[in-house]
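Please build the complete structure, drawing on both the sequences and the hints.
Chains A and B, in that order, give the protein sequences.
Quick note on numbering: the first sequence equals residues -6 to 254 in my numbering.
Quick note on numbering: the second sequence equals residues 40 to 431 in my numbering.
Hints are computed from structural coordinates only; laboratory data are not their basis.
Any given hint could be a false lead.
Below, simulated DSS-like cross-link-like pairs (lysine-lysine); rule was C-alpha separation at most 25 Å, straight line [what the hints assert, rightly or not]:
1) B:K133 x A:K(-5)
2) B:K237 x B:K264
3) B:K376 x B:K366
4) B:K92 x A:K21
5) B:K133 x B:K264
6) B:K264 x B:K92
7) B:K99 x B:K237
8) B:K233 x B:K175
9) B:K237 x A:K21
As the structure is a prediction and not an experimental result, all values here were calculated from the model.
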Amino acid sequence: MKTMIQELVQYRHLLMMLAWKDIRIRYKQSVMGFLWAVLMPLLIVAAGIIVKKGISIISGKPLEISDLASITVKALPWSFLIGAVRFSTNSLVSNANLVTKIYFPREVFPLAAVLANLFDFAIASIATIVILGFMGVGISVYILWVPLLLLFLILFTAGVGMLMSCANLFFRDVKYLVEVFLTFAIFFTPVFYEASMFGKWETLLLLNPVGAILECVNAVVVLHQPPNYFWMLYAASWGIGLFLLSWNIFHRLEYSFAENI
Amino acid sequence: MSDVAIEFSHVYKKFKRGESFDSLRDFIPYLTKKYFSVSSNGDLRDKEFWAVKDVSFQLKYGEAIGIIGPNGAGKSTILKILSGILLPNQGAYKVYGRISALIEVGAGFHPDLTGRENIYLNGAILGMTREQVKKKFDSIVEFSELEEFIDTPVKRYSSGMYARLGFSVAAHVDPQILLIDEVLSVGDISFQQKCLNKMQEIIGNGTTIIFISHNIPAVIKICPKTILLNRGMIDHFGDTKDVCRYYYNISSQTKMATEDQYLELEGVELFSSDGSPATLFKPGDQLKIRFCIKSNVDIDNLVMSLFIKRNDGMVVFDATSDILGGKYFSFSEGERKTVDLSFAVNLPLGVYYVGMNFYNPLKGFYLYKDETIEFFVDAPKTVGYAFLDLKW
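Below you can see the structure in the form of structure tokens.
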């Protein structure tokens, strides 16, 4: 484990370069430029508004500002997750020429994809903060939990990314499976709705670690409440655990990448 | 602190032909095996073959060694094992120092990025830090001769420009140990010369080098010692010129008639112009050769060919008796004959090998002997294939 970390630290510069390359080529020669970073979350928010409006019509409760804020705040990490997983799944295969010719720790590829999406997330966050400011959402001290929650999400995402990129190298249809899964995962994750709406099913929904994280984020940013410590710990163990497990598996299989790609 | 830079010890590596993982049924046992590192080496299963078989060598700091051999001999595989891209099935290797491998020129270049951006990217991929690239940036651009185009996306480059930029970055990496796989043959003649000079400069700086190439003259120029790899095994190792000559010999496609079924070469002798046996000549001297041939068949109208090979395997002269002299040879079964030839030794300083063959244009070779005898030429130092009687 220690050598793995040391190696990654040694190659951190390369990790940054590859992430920078991903970012740069995405925005070069494009008409939208950096607006791409905002497009995906915007679409999710728009979809969320429709869903919430539908729910409010049926339940008779009017749509409140906090509902809109919730959607915005949860859409962002979600779009980061799906973007990062999508790109990291294919990261090894699309860099096949480097995998077979040059040595550096291969984790760099899925991790660079995650970092590149983190950059998009950062841009979209700035827009979000501005919008939340306009909505008059306000800040509470609990907002300090956000960096930690995001860290758990990033670790979780990186873990998924490494596993999927590995799987996709051996079986090329994994990326399609991932795509399908990501499309429908939004129904199983409390992005458009609150887990609390489901009453006794709430626990089931929160078993999804992403769901747990999103609900915690919602709590601290929009509801100005402390996060549910149990679920936060749960999400933390998922994030850290999955990251370490995936990294380990990835590292063990690394040596057969060049032959099997 | 020993001065050994690389140690390669009884390394084996096998590959599988065909497609892998026909189904999940094949994959899961493979996965568990890999994860728990249960070795299944030693024997070859169906469709597997040894790409590298029991290869061992040692390299000291500052040494430059060449690896030559036919396609598919396992040269690139060895490089990939040393880089850490592949794991050997058996055996061990140790590398003491930082390695940089140039297996492909322009690795990691992205077509949408400019030359400038790709220099930084490629530099990072090859292991340079941003500061190192920045310091050498001007030198890299100058070497590649692409100053005007450095801010153009690389997808607009010609293939020569692409290759020049790639090599230029690679040449500036400055590691302790450098592994080169056939990347010198890029660009036009003047650029190739520049590359060779740069390589020699790198060696002069004390970098340890392994150089894989099909470009024999380049290997001779750069590496004092060479390994000949064939079918995964070391076929020959030693002084570069000897190994190259051996390689030429085994690559020659006319090995058929060395079995002595038709004609046998019983003896060869060399004489100087006064008839006494000699092996040392000066340019312009007359050299006489006598071949003693025994025939096991009746044959007419054979053409005899004489060829002189240089120390490194290069043929400096090859002539046939029908063109040069209008002579044909006949033998009857059981007959012994001597064939005498003579020529003026207009060759520069060096060691030379005399080869000969008899053939019938319709029927093929009746005798083929590559190095029957050697002779030496003592001359003032000149370079080239011939020695001309130059007077200033």
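Results of checking the hints against the structure:
1. Simply put, K133 of chain B and K(-5) of chain A have alpha-carbon atoms about 20 Å apart, close enough for the 25 Å limit, and the pair holds.
2. Of the pairs offered as hints, the one joining K237 of chain B and K264 of chain B holds, with about 19 Å between alpha carbons and a cut-off of 25 Å not exceeded.
3. For the hint linking K376 of chain B to K366 of chain B, the alpha-carbon distance of about 15 Å falls within 25 Å, and the restraint holds.
4. For the hint pairing K92 of chain B with K21 of chain A, the CA-to-CA distance comes to about 48 Å; that exceeds 25 Å, so the pair is violated.
5. The straight-line distance between the Cα atoms of K133 of chain B and K264 of chain B is roughly 20 Å, inside the 25 Å bound, and the hint therefore holds.
6. As the CA atoms of K264 of chain B and K92 of chain B are separated by approximately 21 Å, the hinted pair is consistent with the 25 Å bound.
7. Taking the CA atoms of K99 of chain B and K237 of chain B, the gap is about 21 Å. The hint holds against a cut of 25 Å.
8. A C-alpha spacing of about 17 Å is found between K233 of chain B and K175 of chain B, which places the hinted pair at or below 25 Å, so the restraint holds.
9. In summary, the hint linking K237 of chain B to K21 of chain A is not supported, as the alpha carbons are separated by about 35 Å, beyond the 25 Å threshold.
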